[in-house]
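J.: Sequence:
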Amino acid sequence: MSATSLLTRRRLLLGVIVLVLAVAAVVAVIALRSDADPTAGNTPSTSPTASSGTDAGSDPEVSESGAGDDEQPGDAPSDDLAGDDPTDAEPGGAAEPAARETLDPVPFGDEVTPQRGVTVAVPKVEEVTGEANTPGEVGGPALRFTVDVTNGTGKTLDLRTVVVNAYYGPDRTPASPLLKPGGKAFESEVGDGDTARGVFVFNVPAEFQDKVELEIDPRIDAPIAIFTGA
Numbered sequence: 001m002s003a004t005s006l007l008t009r010r011r012l013l014l015g016v017i018v019l020v021l022a023v024a025a026v027v028a029v030i031a032l033r034s035d036a037d038p039t040a041g042n043t044p045s046t047s048p049t050a051s052s053g054t055d056a057g058s059d060p061e062v063s064e065s066g067a068g069d070d071e072q073p074g075d076a077p078s079d080d081l082a083g084d085d086p087t088d089a090e091p092g093g094a095a096e097p098a099a100r101e102t103l104d105p106v107p108f109g110d111e112v113t114p115q116r117g118v119t120v121a122v123p124k125v126e127e128v129t130g131e132a133n134t135p136g137e138v139g140g141p142a143l144r145f146t147v148d149v150t151n152g153t154g155k156t157l158d159l160r161t162v163v164v165n166a167y168y169g170p171d172r173t174p175a176s177p178l179l180k181p182g183g184k185a186f187e188s189e190v191g192d193g194d195t196a197r198g199v200f201v202f203n204v205p206a207e208f209q210d211k212v213e214l215e216i217d218p219r220i221d222a223p224i225a226i227f228t229g230a
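Residue 229 in the UniProt record's numbering sits at position 229 of the sequence shown; the count goes up by one each step and never skips.
In short, the hints are calculated from the structure, not lab data.
Hints may contain errors.
Claimed, not checked - Okay, derived cross-link-like pairs now, DMTMM-like style, lysine to aspartate or glutamate, Cα gap no bigger than 20 Å in a straight line: (1) K124 <-> D194; (2) K211 <-> E111; (3) K124 <-> E111; (4) K211 <-> D158; (5) K155 <-> E131; (6) K211 <-> D110; (7) K124 <-> E213; (8) K184 <-> E126; (9) K124 <-> D148; (10) K184 <-> E131; (11) K180 <-> E127; (12) K155 <-> E127; (13) K180 <-> E111; (14) K184 <-> D221; (15) K184 <-> D217; (16) K211 <-> E126; (17) K211 <-> D104; (18) K155 <-> E187; (19) K184 <-> D148; (20) K184 <-> D194; (21) K211 <-> D171; (22) K124 <-> E215; (23) K180 <-> E131; (24) K124 <-> D110; (25) K180 <-> D221; (26) K124 <-> D221; (27) K124 <-> E187; (28) K155 <-> E215; (29) K155 <-> E213; (30) K180 <-> D148; (31) K184 <-> E127.
Using the sequences plus the hints, can you model the full thing?
T.: Here is the structure:
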């Protein structure tokens, strides 16, 4: 082989090497750009996004009532509040207790019949000096009420549910109960034709003893009896 042919081949080989290196450099540059820009070469998305430039006023999917795309068919309108209609109370909600029936007040010494066959009377009211015997009790001016319950129902009457309260003054201030002197609770029951007697003591300031009410609540399904006087 001549020197000229050998030189030509070397030049050709050198040219191929240079070309390969140039192609490799281009490929490397493209790869570097792809790594720097994550969106390069990706196909543009055709799904609508919030940045599409369409506002709520021009969106055909928004109704005149202002309901958005997130509102599903069958949803109640946003301005229809459940609390606006009193019939929308939740099932199982606690109902307000019915008002208790209260008999007209009668003077001490009279009788009332809060339920058929049952007679209640307050035959005696006494001024006493209350004694403090248990925590919370305060001694001082007090009134002692004797209460009789007569049973004519034809059967034994349960007295465990009877509640006795006292009030005094123009504002019906509740009077504090005392055990002594002489307090006595009703027996748990009274037989037909018999009378049960209880004695109840309440703190009542001397200046308010001229206007006192005694409230006798026999049971939840019977009217409340009220006795009043000085």
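J.: Each of the hints needs a verdict: does it hold here or not?
T.: Results of checking the hints against the structure:
1. K124 <-> D194: 19 Å, holds
2. K211 <-> E111: 19 Å, holds
3. K124 <-> E111: 12 Å, holds
4. K211 <-> D158: Cα-Cα ~31 Å, so violated.
5. K155 <-> E131: Status violated; Cα separation ~38 Å.
6. K211 <-> D110: Distance ~17 Å between K211 and D110 Cα, so the pair holds.
7. K124 <-> E213: At roughly 13 Å apart (the allowed maximum being 20 Å), E213 and K124 satisfy the hint.
8. K184 <-> E126: Holds, because 14 Å separates the two Cα atoms, which is no more than 20 Å.
9. K124 <-> D148: OK: K124 and D148 at ~10 Å, within 20 Å.
10. K184 <-> E131: It holds: about 14 Å lies between the C-alpha atoms, which stays within 20 Å.
11. K180 <-> E127: Judged against 20 Å, a Cα distance of about 12 Å means the pair holds.
12. K155 <-> E127: Distance of about 36 Å is beyond 20 Å: violated.
13. K180 <-> E111: Violated: K180 and E111 sit about 26 Å apart, past 20 Å.
14. K184 <-> D221: 25 Å, violated
15. K184 <-> D217: Given that 20 Å is the threshold and the Cα spacing comes to 17 Å, the pair holds.
16. K211 <-> E126: Judged against 20 Å, a Cα distance of about 14 Å means the pair holds.
17. K211 <-> D104: 16 Å, holds
18. K155 <-> E187: Holds. K155 to E187 sits at ~16 Å (cutoff 20 Å).
19. K184 <-> D148: Given pair K184, D148 holds - Cα atoms ~12 Å apart, limit 20 Å.
20. K184 <-> D194: With a Cα-Cα distance of about 18 Å, the restraint between K184 and D194 holds, given a limit of 20 Å.
21. K211 <-> D171: Given that 20 Å is the threshold and the Cα spacing comes to 10 Å, the pair holds.
22. K124 <-> E215: Within the cut-off at roughly 15 Å; holds.
23. K180 <-> E131: 5 Å, holds
24. K124 <-> D110: Since the Cα atoms of K124 and D110 sit roughly 11 Å apart, the hinted pair holds (cutoff 20 Å).
25. K180 <-> D221: 31 Å, violated
26. K124 <-> D221: 27 Å, violated
27. K124 <-> E187: 19 Å, holds
28. K155 <-> E215: Measuring from Cα to Cα gives roughly 25 Å; hence the hint is violated.
29. K155 <-> E213: 30 Å, violated
30. K180 <-> D148: 19 Å, holds
31. K184 <-> E127: Roughly 16 Å between the alpha carbons, so the hint for K184 and E127 holds.
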